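**Student:** Residues per chain are reported as follows:
2 protein chains.
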Amino acid sequence: MNLLQNISVTLMLLFSYLSSLNSTIFNNEVNQCTIPPELQKEIASYKTVVNRIIHSLLVGDLQNTTYRRLAEFIDKFGNRIAGSENLENAIDYMLNKSVELGLENVHSEEVYVPHWVRGNESAVLIQPRYQNLNMLGLGSSVGTPVDGITAEAVVVDSFEELENIAAHVYGKIVIFNERYISYGETVKYRQFAASKAAEQGAVATLVRSITPFSLNTPHTGWQDYSDNVTKIPTACITAEDSHMLRRMQDRGERIIIKLKMEAQTFSPKLSRNTIAEIKGGEKPEKVVVVSGHLDSWDVGEGAMDDGGGAFLSWNSLVILKYLGLRPKRTLRAILWTAEEEGLVGAQAYVKAHKNETQNFNFVMESDEGTFTPLGLKYTGIPDGKCVLEAILSLLKDINTTTVEEPADGGPDITFWLSEGIPGASLLNRAESYFWYHHSAADTMDVEDPEALNLATALWASVAYVVADITADMPRKPGQFL
Amino acid sequence: MNLLQNISVTLMLLFSYLSSLNSTIFNNEVNQCTIPPELQKEIASYKTVVNRIIHSLLVGDLQNTTYRRLAEFIDKFGNRIAGSENLENAIDYMLNKSVELGLENVHSEEVYVPHWVRGNESAVLIQPRYQNLNMLGLGSSVGTPVDGITAEAVVVDSFEELENIAAHVYGKIVIFNERYISYGETVKYRQFAASKAAEQGAVATLVRSITPFSLNTPHTGWQDYSDNVTKIPTACITAEDSHMLRRMQDRGERIIIKLKMEAQTFSPKLSRNTIAEIKGGEKPEKVVVVSGHLDSWDVGEGAMDDGGGAFLSWNSLVILKYLGLRPKRTLRAILWTAEEEGLVGAQAYVKAHKNETQNFNFVMESDEGTFTPLGLKYTGIPDGKCVLEAILSLLKDINTTTVEEPADGGPDITFWLSEGIPGASLLNRAESYFWYHHSAADTMDVEDPEALNLATALWASVAYVVADITADMPRKPGQFL
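One line per chain: the protein sequences are B and U, in this order. The first sequence begins at 1 in my numbering and counts up one residue at a time. The second sequence begins at 1 in my numbering and counts up one residue at a time.
FYI, nobody ran anything at the bench for these hints, they're computed from the structure. Just so we're clear, the structure is a prediction, and the values are computed from it rather than from any experiment. A hint or two may mislead.
Remember, identical chains collapse to one label, so a pair may be satisfied in a single copy or spanning two.
Stated by the list, open to error - Here are the computed lysine-lysine pairs in the DSSO-like style, where the Cα-Cα straight-line distance is at most 27 Å:
hint	residue 1	residue 2
1	K321	K396
2	K354	K258
3	K41	K269
4	K260	K76
5	K396	K269
6	K354	K279
7	K97	K260
8	K231	K321
9	K476	K351
10	K396	K76
11	K258	K351
12	K41	K321
13	K279	K328
14	K269	K286
15	K351	K76
16	K260	K328
17	K269	K279
18	K396	K231
19	K258	K76
20	K41	K258
21	K41	K328
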């Protein structure tokens, strides 16, 4: 079976290579671009090396390495929240593995990160009947008094409804039963529920988890206290319980809940961004970044968020090194720390490397799933999109040729993108991403060896070609240096 | 919106009624049947009353009553395991509601049921790293000693693999990491894991939950100890953890788990089947049964298993009574008790009503979800299928005309089916049924008001027509009395 597969993929790639010689790789869309013909030809000449990368990952001796290395890591450490010793051990592991597998300039860069600890917690419905509510405190929440908070609860479906009943909120627990529209639109309820409710005198908030699908699954995440309002405890509950509490209220039933949370914020702790490179052969000062974050939430295992993204980036360098592919520019893998607490590692890194900004040629991050890949999401000028499309056309055998905009699945690279540095995130079939996100369901079962083979082939190929072609990724129109 | 909907459904039903006068309701398939023309005509004459049922449930004053009544019940009681006071309170509530809503001969019939109590429980991975394993003890399992059982674990994917490593099982916890094929095929691992492992000297078993999809969700259920083997504690773990433990073992890592279960079996307790009727106007001794079970597992809320099925049956009688539809035969709703412990309520009822067997004209049960309905699943002779198809053709406006065989979504009626009494279960879009089954995710969120409107229209119409037509449901070929 494996041998047959091997032969068939080899034939497919050979056929595809012959086709590419026939110049069919530039489709009409790409031809609308203004890439100079020499650059087009130069990109086309990478077909052989891209095929080699694909082959080695799909059927060769690098097959399943991203999945296997990720699984070893995840099974060893489980989840890795900022401030935890476990995260620091995981960082040490990655530094050692990077050296062991031949990566270069392996080092870490220190940064102080928030240190929030959940502790024991519970929410119990006392009236109209006793029921344990499945919950998770939200990151940065204060705890309750030791005996908990027992209070009448009031359910609202929106901030507007909260305003409308503001006079009845004092001393109560406010339950936000907001409708899930999209993560981007709905996450404000997780972020600001506590502050909005505290303004009206609420004593705590419980927020319907930000997810489109639930098996009675609570989803945690960071929340932000506004200045000048009382910090009240805040947690998420499941969509199911949130809906039930709304029905109870609509029937005129009095709802009483007891909330207990030991959550505490300690002094910031020293953590580290983890860096490993393949030094550029001709222009080592110029850098192409691939990245993902190594920290996770303190539930589940952070296999998807962002183990998959971090290992996609890191293993791309490992496999390029293994294949003996050293590009002209430096390839740098950065495994960010404390992304979940507000891109803390990335902010510190960008600040510390301010002087290098001109040398960051292209920055990549995968942090929105590593399901079956479809291509890239890009932020930059249109010329750069044309270059990317030309490069991705080398990957049409694995159906990863789409370029969408903007690069919104790469939170840590946004500081650079907003400064005009072109960058990309992974475009993948992430429809179910928020089913697992920040929950106990974020485990290795979300990750698929074959999807990771394909994503690594895409990711490593793009990083290598961008780092090796003559032209820098353009930042100004027509600038194909 | 509601008014427009109302008008459009009215027009649709009127148009459909006019068509039915034109005899189009008997399609070719039905015409292959040997139903006498008079019976065909008689069934066709029910189009008006069926349309009235549909109309009242889809847009009329009975709209959403099944969902609403179910939600009131579920929100009030939560889950209802056999042996619990909560189940008995829920039974009292149904008896009172039945009287209040005008049902007849409302009563309960006593039966002793198993009384198993879960208590506190936990499974913790101690080596190769510390992790809490999300678990649920299996019904009828014994508990562990107070301090728990701490033992090395061995993972097998099948009973065959267990046989192969039998020599290495003594004193260990056996983890069953079986692949999910279908519930029917795979549930044997939940049922017999403990006995099979105990035969080889294991001290406990943990079984991968019987489900095709998981958000780190454990699924409980009944298990059976064989005679003459030591009763060892047994619980389910999540698919995710089961896979992780397998990977750890495959890497040669030593796995140590600490299992604590307070589970206890007490003396059988008195419970009750709940019965309510619409007495037959002409042949009251003849009975059409609609049913579902009122008990549930002790996790989640038993809204799907089998709140939806029980209320579909019970509310069918309530709405027929409200519509003033009294059939010739008696319609009897039976809400079984202790289905989850082995059809205990149904067995007792069948035994107690042995003398009536000839009078059970048709028996229906819904216990495999109340998602969007498609028709019925039937067990009986082909002639009966023809009658059902003729009746279901009256429901083509709501696309519930399919008859499949056998009636496998009705466990409690199997005793009657095996005696040759014809019966049916609900055919519905239950593809995701086992995502929720026996888990904390079995809540009102699984139930959909519109699907329940449609299912009630189907269920009530079939029950009414079968109970009212001249002919009994045939038990022998050509027997259209």
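**Student:** Compare the structure with each hint and give your call.
**Tutor:** For each hint, the structure was consulted:
1. K321 with K396: Only inside one copy: K321 and K396 sit 24 Å apart there, 64 Å across copies, limit 27 Å.
2. K354 with K258: Neither: 49 Å inside a copy, 51 Å across copies.
3. K41 with K269: Neither: 50 Å inside a copy, 82 Å across copies.
4. K260 with K76: The answer is between: 24 Å across copies meets 27 Å, while 31 Å in one copy does not.
5. K396 with K269: neither (45 Å within a copy, 66 Å between copies)
6. K354 with K279: within (20 Å within a copy, 85 Å between copies)
7. K97 with K260: neither (41 Å within a copy, 37 Å between copies)
8. K231 with K321: neither (50 Å within a copy, 55 Å between copies)
9. K476 with K351: within (24 Å within a copy, 86 Å between copies)
10. K396 with K76: neither (36 Å within a copy, 57 Å between copies)
11. K258 with K351: Neither way: K258 and K351 sit 44 Å apart in one copy and 47 Å across, limit 27 Å.
12. K41 with K321: within (25 Å within a copy, 80 Å between copies)
13. K279 with K328: within (8 Å within a copy, 88 Å between copies)
14. K269 with K286: neither (32 Å within a copy, 77 Å between copies)
15. K351 with K76: Close neither inside one copy (32 Å) nor across copies (56 Å); limit 27 Å.
16. K260 with K328: Answer is neither; intra-copy 57 Å and inter-copy 59 Å both fail.
17. K269 with K279: neither (31 Å within a copy, 74 Å between copies)
18. K396 with K231: Close neither inside one copy (52 Å) nor across copies (58 Å); limit 27 Å.
19. K258 with K76: between (36 Å within a copy, 18 Å between copies)
20. K41 with K258: neither (68 Å within a copy, 63 Å between copies)
21. K41 with K328: within (18 Å within a copy, 85 Å between copies)
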